[in-house]
Amino acid sequence: MTLQARLVVERPRFRLDLGLAVDAGEVVALLGPNGAGKTTALRALAGLVALTGGHIDLDGTPLHTLPTEDRPIGMVFQDYLLFPHLSALDNVAFGPRCHGASKSDARATAASWLRRVGLAEHSGSKPRRLSGGQAQRVALARALAAGPRLLLLDEPLAALDAHTRLQVRSELRRHLAEFDGATVLVTHDPLEAMVLADRLVVIESGTVVQQGTPAEVARRPRTDYVARLVGLNLHRGTADGRKVTVGDVLFNVAEDLRGPVFLAFSPAAVALYRSRPDGTPRNLWEATIEGIERHGDNVRIHLDGSIAVAADVTPAAVADLDLTPGQRIWAAVKATETHAYPA
Amino acid sequence: MFRRLSRWTVAVPLTLALAAGLSGCGGDDSGGASGAASGGSGKTLTVFAAASLTESFTELGRTFESAHPGTKVRFNFGSSATLAQQITQGAPADVFAAASPATMKTVTDASLATAPATFVRNRLEIAVPADNPAKVDDLRDLADSKVKVALCAEQVPCGAAAAKALDAAGLKVEPVTLEQDVKATLTKVELGEVDAALVYRTDVLAAGGKVKGIGFPEADKAINDYPIAALSKAPAADLARQFVQLVLSAQGKSVMAKAGFDVP
Amino acid sequence: MLTPRPGSSSGSAGSKGSAGRGRARRDSGPAGRVPWVLVVPALVALVFLVAPLAGLLVRAPWSTLATRLAEPQVLTALRLSLVTATLATVLCLLLGVPLAWVLARVDFPGRRLVRALVTVPLVLPPVVGGVALLLVLGRRGLVGQWLDSAFGITLPFTTTGVVLAEAFVAMPFLVISVEGALRAADLRFEEAAATLGASRWTVFHRVTLPLIAPGVVAGAVLCWARALGEFGATITFAGNFPGRTQTMPLAVYLALETEPEAAIVLSLVLLAVSILVLASLRDRWVTSP
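Chains as they are written, first to last, in the UniProt record's numbering: chain X, 1 to 343; chain P, 1 to 264; chain S, 1 to 289.
Just so you know, these hints were derived from the structure itself, not from any lab.
Watch out, some of these pointers could steer you wrong.
[Stated by the list, open to error] To be clear about the criterion: a stretch of chain P counts as covered by chain S if any three or more of its residues have a C-beta under 8 Å from a C-beta of chain S, and this derived list gives those stretches: (1) 71-82; (2) 153-165; (3) 179-191.
In this text the structure is predicted, and so the values were computed from the model without any measurement.
All residues carry an ideal CB built from backbone N, CA and C; glycine is no exception.
Hey, can you work out the whole structure from these sequences and the hints?
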């Protein structure tokens, strides 16, 4: 393990208590809603926020006793914070200079980093002359140029427009793959987290609510927040063999489980009927339409009733079924499209 | 800071104000009231007087007020040259008492006063700190380069008088500073920043025990005449004449003598 | 011409990058109607400030100007004024910038009191400031007598004394201006520098100082102008001696005693030089606040 940390930061009406372990070469994304404490955790790792408890160990040596400037870190800030009075080259050379490199060595290092991020021809430009994407790449080069062991990224793509973000994201992914230290990335964008990170750590209200590989988290959300992020309906129920009871609705599932479980299924797996379909009473319940909204190419129907569920249907289906808010309707989900796992 | 025109932060705005003819009152506390005198009630007398007259004239003002019930005497004490400037620029003054004939001449040349009378003379003394650290006891000691001397600038009356006295004695004195007025010169002695200064005897007396005055014969060559005149455009002409009479009276002379002036 | 300019570029040192956009916004903005409630007092203020200057120019003795200017005392006083005001500004920068930094960045008990004390020279009549300096640094002053006995240094009546008096009166302008700039500056740039390994000192001189440079320059300009016009503290603490301690304002004051016309000439010279210097500095360094 490269980074081993327990971060405790107590403030009035807020407490962050977070365990974090990151391997060399691994990219961990801290994901969570606004105010969950992601940025505080990142700043605590950098030493910009004092720990009130816990510890930070990097490669076996304690970091939490060191001031920020003595920690072997590199940080990319949300709005980059490139020094406006220095050229791109001098921004990147800043770290090496602070670590004792001579002016010419620092500039040589900086020039090679600017080449790596494809900005060699902009080395003389002041930050205000750079586009958002260019500034982001300079910020990354600056963070990496001093050879940190721990790279911290705070919402690195949030300040970019959608088109630039796509391009910069794939470049960032490549640079992160080449970086052999530990990387901690903070984001509220699940897609960004999944594309960039090897592992997700989901934080809510200052604590870790779920962690795992992007695939695990996407498949088995454990909180409503994560479920919303990955776009699944999530319910707590009780399993008895291949049957799961959620409220007064009974589901058939593929997994053989007992006791409290999560049941997840995609909104697209929900089928709607004007009248009660024939056949098995399982996986079927009556609901009221709460709201109807556009969702990509489809229409998302919010259902209330025994269980609250989102259903995605085609616009054609909406017309066929003549769906309107307040209407009573039957909802069903195929057993093969549900996924149950222990709570 | 009663006695001078003003010690504002910058001298420039002062000059500007004068040049633009805005000098009704020079920013001095007492001068600020002079506007009221022009009201013509006849109950306020405005006296522009040299700074060295502050103590004696304040006392005479009280005497005058009690002799003329209901009358208010307002003073504008300052450097004589500045006061003369203010008067020629139209400041509403009734009486002008100057510390030198030259400054009075500015006013008489402008036909703003006639027949000034010399009411007192002031003579120079060597002022030394009470403990007299440089052991000064006559004018010759001031020429010693180890003795720090403050003089008034030659542009102001006490400086001109000092130059005359030193000339008469055939002495060359290298002062550390040429102060802008006699009170500032005296302050340097009071604080012990200089070992000696040439100031008026009245100022030495006014400073009480903090400085010691040493008379010297050459002071006779540099006696300063103080002329006084009622101004021809005086808003309160009668009161002005009466005040000048008071100053020249036996009662006035005794007050002036008590303050250390030579009374003719 | 009289179009008001809302939202001119902010004074924040950290937001230089937005200057270009700010200008574009201004130019393309709708030509707002002139609010007379503001313009009329503005014109009155302008006249009030400029009319005395006009008076000075009108009354200046133009015919004898050249000969008066050629007098050696004028040049001596002017040179002394420029040299001492510049040295005082340097002294204020060396001491005032760190003081502003401490006031803006170090949380210590009594900081509000200290900040109030820093502004004392602003409200103190300069003559009183001069006396206060004498009481501390004078030959018999609290510190001065020790300087005299230990090192043989006396400060009153010396050019050094002029510089000290000017610095005393002018330093608050610098401190207030720089502290304001420090407070407005984005602290996160300093954090970013720290994450790159910069020590506190490196952060200060390579990041903080360049970021607040406009504020420092503005403060230095004010400080210099104030020092150049300094009269009361200078004449009280340093006295008046041509070539040594007689600066232009002192020369103006004394000229006024006997030769008002000479005083006007000296004032004009002082004004011309200061306007020249300030205008060139502002254009070069200080974006309109």
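Report task. Can you take a look at whether the region 153-165 of chain P is actually covered by chain S? Rule is 3+ residues, C-beta closer than 8 Å. Result -> Answer holds; 3 residues pass the 8 Å Cβ test.
Query raised in the report: Counting residues of the region 179-191 of chain P with a beta carbon closer than 8 Å to any beta carbon of chain S, are there 3 or more?
Result: holds (count 6)
Query - Stated coverage of the region 71-82 of chain P by chain S [criterion: 3+ residues, CB within 8 Å] - result: Coverage by chain S holds for the region 71-82 of chain P (3 residues, Cβ < 8 Å).
In this structure, every one of the numbered hints holds.
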